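Number 336 marks the last residue of the sequence shown (the UniProt record's numbering); no jumps.
No lab work stands behind these hints: they were computed from the structure. These figures come from a predicted structure and were not determined experimentally. Keep in mind that a hint or two might mislead.
[What the hints assert, rightly or not] Dumping the calculated DSS-like pairs for lysine-lysine here, alpha-carbon to alpha-carbon at most 27 Å:
#1 325 - 266
#2 317 - 266
#3 301 - 290
#4 290 - 317
#5 301 - 320
#6 320 - 266
#7 301 - 325
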Amino acid sequence: MTLPTSPRPAAGDAASGASFDPASATIAVVTFNRSTLLTRLLDSISAMDPKPGHLVIVDNASTDDTTDVVESYRDSIGTEIVYRRLDTNTGGSGGFSEGMRIAYELGSTWIWVMDDDVEVLPDGLARMGAWAPRFKSIQGRRYDFDGSEFYWQYRISEPLGIPIPFAPSGFDASGYKEMNSGCFEGMFINREIVEQIGLPDPRFFIYWDDQTYGWLASRVTTSVIVDEFVLRRTREIKQWDMGIRHMNASSDAYRYYIMRNRAIIKRYYRALDVYNPLLFGLGTTLTFGKEIIRLLFVERKVSGTSNLFRGLRDGRKIAKDADWKPMPPLVASPQA
């Protein structure tokens, strides 16, 4: 596939004298029982030029041959592998929190997080690094399984706490757009931002975790999505083609956490004094309606609604938990 050209900055910023060192970056991958997909990702990292300084692989207690697959790449992948197999499945949220923690403790300046169902394009790190002198929270673009350009909802309505589904997809000559969200399938973030906002919150388990983390990052820095194709999805997902965008199939577990985790977002909003109960409640209602549409038009079934109600019920417990606190920063602010 021929990569499109896009307006990119030079590898260094002449004004500041800054430049990007690939060795300062760590790729952090979360995997669970998908060794075949992980193999494709590791093959793509082997072919990268340049390569990162480290590759962190967090294994969410897989029961397949993931450990053997990882070990088989140690001598050939061309970068240092740090493999952490967890005792229990902590979900994507727990895996990314652990992966980012390890990368941070390795001294990484940049942390590039991704799932196991993507491939990295050979010059992906160079493309992301070209923007590093200008921004500290960066999202690249990716191709979908069929080679089409994947549209990611990079803007959220903060009062509603939900993505804006039809935010403009085009880029102007600058080659980037400001975002106030995040996606752990390719988030590229500087350690200074991680220090300020802390690690991703493992309590989400799955869903809303990356959106919330990206939103937190956008509150302390200018976060951007750049017109650089750096990843390719390697897993086909059932979708409903809506013309402008697609709606993916889900699962009962996702339905549960989609609704339960609204309560965690609410707790962050309250802690940061941006919570409007009427508007946030509307966002929750719209989310519930969207999941009903997903059931009817993507999965073509009516069962599964009980998981939505169960998530709402358990979310109320989180909302009332007097001991709940946001994830703490890794470095205290000078004012603290």
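Here is how each hint holds up against the structure:
no.: 1; hint: 325 - 266; verdict: holds, 12 Å
no.: 2; hint: 317 - 266; verdict: holds, 12 Å
no.: 3; hint: 301 - 290; verdict: holds, 14 Å
no.: 4; hint: 290 - 317; verdict: holds, 23 Å
no.: 5; hint: 301 - 320; verdict: violated, 33 Å
no.: 6; hint: 320 - 266; verdict: holds, 11 Å
no.: 7; hint: 301 - 325; verdict: violated, 38 Å
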